[in-house]
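Q: Listed here are the chains, written in short residue letters.
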Amino acid sequence: MITYVVKYYDKLLGALGEHLVLVGLTLVFSLILAAALTVLCVYVKRVEAALVGVCSMIYSIPSIALFAMLIPLSGLGKTTAVIVLTLYNQYLLLRNFLTGLHEVDRGITEAAAGMGMTTGQTLLRVQLPLAREAILSGIRLAAVSTVGIATIAASINAGGLGSILFDGLRTMNMNKILWGSILSAGLALLLDRALIAAGRRASR
Amino acid sequence: MFAEMAGYFQNNMDDFLRAIATHAAISALALFLAAAIGIPAGILCVRHRGVQRWVVPLFQALRILPSLAVLFLLIPVLGTGLLPALVALVLLAVPSILLNTVAGLLQTPEFMLETAAACGMTRGQIWRSVWLPMALPMILTGIKNAVTEIIASATLAAKIGAGGLGEIIFTGLGLYRFDLLLAGGLTVALLSLLAAGSVSLLGRLLMRYKYV
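Line order of the protein sequences matches chains A and B. The first sequence begins at 1 in this note's numbering and counts up one residue at a time. The second sequence begins at 1001 in this note's numbering and counts up one residue at a time.
Hints are computed from structural coordinates only; laboratory data are not their basis. All C-beta atoms, glycine included, are put in the ideal place defined by N, C-alpha and C. Careful: at least some of the hints might be erroneous.
Which residues of chain A face chain B? A partial, calculated answer using Cβ under 7 Å [unchecked claim]: (1) Ser60; (2) Ile61; (3) Ala65; (4) Ala68; (5) Met69; (6) Gly75; (7) Val144; (8) Ile152; (9) Ser181; (10) Ser184; (11) Gly186.
Quick list of simulated restraints, FRET-style, between CB atoms [as the list claims (entries may be wrong)]: (12) B/His1048 <-> A/Arg132: 32 to 38 Å; (13) A/Ser74 <-> B/Asp1015: 23 to 29 Å; (14) A/Ala50 <-> B/Met1005: 26 to 32 Å; (15) B/Pro1076 <-> A/Tyr8: 17 to 23 Å; (16) A/Arg106 <-> B/Lys1210: 21 to 27 Å.
Let's have the full structure, built from the sequences with the hints guiding it.
A: Written out as structure tokens, the structure reads:
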């Protein structure tokens, strides 16, 4: 197992790098999209229930099925992977963002409105700082789940740590299976811890 | 593409139906086992704080593991086939059921249990008619999460030889055939939505008093 790492460390590191790119891209896109959708929900209250419902429906579709359904549209590779991963994150992010915003005491938001703040100002200066905890836990959930689902994306040629896992399975190479699992699980745990630490630092 | 799909269904209806049956059967069995382990273990955790202290973090960590890793890591131990797939599915489903059971039981207000005791209920009665019903919504949410996780991972389990609808999708990926991809993908998606929907429906039936 150790000799395998010494011999093929460049391959493992390459897969890890690809995985990080996949996760990073997905997180950037999904945060932008989720923020836009949250703002939409704040301004147009009626769409909220429908939007969350649609997202939860997408979320309960197995990833490999969503990959399979999107291939006729966007082909094999990273594009499809990032689209699917971004779609999945919307449920986790949107739900947490909205819960966080709703949990802010009504008295506070009404006071802000009474002081003459617009909806946008209340959102940005009052609700957002107070909802930080929930927002961060949403981002953590999304990051961990993206690392996990991104391994499955290797089955549609998106690369990453999943390709080590699938290669190992095809050739029954235990070293590959073990290292693929260790690296992907480690990455998920590490990312989770890092985001917790970042959140602590931010709220100090 | 639609002509291809129609052709696929015409020629392979038996295989297709068998795949659905395998998928549903292994998912149902895994869910049953996971609930049979997760709910009692959750109750045990709440009764004995000592157990809770090491079981809950363990399962929280297990939940972070990518499902593909759990599925593949069992190969050295159990080989390939139906059994390792079943074990992996149970392992993946137990955390959400157990953690939600614990959370549901812990969030029951203390005063309700005290009132029940003051009314002269026995320990068993308190469990049956106060504690468990109060925790039921959370437990059902756990089961719903578990069911989607199980159906999704059962699709992946085709890779380790468990059969089911995943086999159609992976064959489609291998041959780059859209008809197989769509037939497999849409069916898995529908199965998953259907299962999640029926758990919600079960919740509504069990907690009818909420919707009167």
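Q: Take the hints in turn and mark each one as holding or not.
A: Evaluated hints:
Proximity of A/Ser60 to chain B holds as hinted, the smallest CB-CB distance being about 4 Å (cut-off 7 Å). Against a cut-off of 7 Å between C-beta atoms, the interface hint on A/Ile61 holds, since the closest Cβ of chain B lies about 4 Å away. A least Cβ separation of about 4 Å between A/Ala65 and chain B falls short of the 7 Å threshold, and the interface hint therefore holds. Contact between A/Ala68 and chain B, as hinted, is supported at the beta carbon level, the nearest pair being about 3 Å apart and thus within 7 Å.
Interface restraint check: A/Met69 against chain B, minimum CB-CB distance 4 Å, threshold 7 Å, status holds. For A/Gly75, the interface hint is violated, since its Cβ never comes within 7 Å of a Cβ in chain B; the closest pair sits about 10 Å apart. A least Cβ separation of about 5 Å between A/Val144 and chain B falls short of the 7 Å threshold, and the interface hint therefore holds. Taking 7 Å as the C-beta cut-off, the interface hint given for A/Ile152 holds, the closest approach to chain B being about 6 Å.
Here the hint on A/Ser181 is kept, as its CB sits about 4 Å from the closest CB of chain B, short of 7 Å. Hint status for A/Ser184 relative to chain B: holds, with the closest Cβ pair at about 5 Å, below 7 Å. Annotation: A/Gly186 was flagged as interfacial toward chain B, and the flag is violated, the nearest CB pair being 10 Å apart, outside 7 Å. With their beta carbons about 35 Å apart, B/His1048 and A/Arg132 fall inside the hinted range of 32 to 38 Å.
In this structure the supplied range 23 to 29 Å holds for A/Ser74 paired with B/Asp1015, their Cβ-Cβ distance being about 28 Å. A C-beta distance of roughly 30 Å is found between A/Ala50 and B/Met1005, which places it inside the suggested range of 26 to 32 Å. Distance hint check for B/Pro1076 and A/Tyr8: the Cβ-Cβ separation is about 19 Å, which falls inside the suggested range of 17 to 23 Å. Look at A/Arg106 against B/Lys1210: about 24 Å separates their beta carbons, and that is inside 21 to 27 Å.
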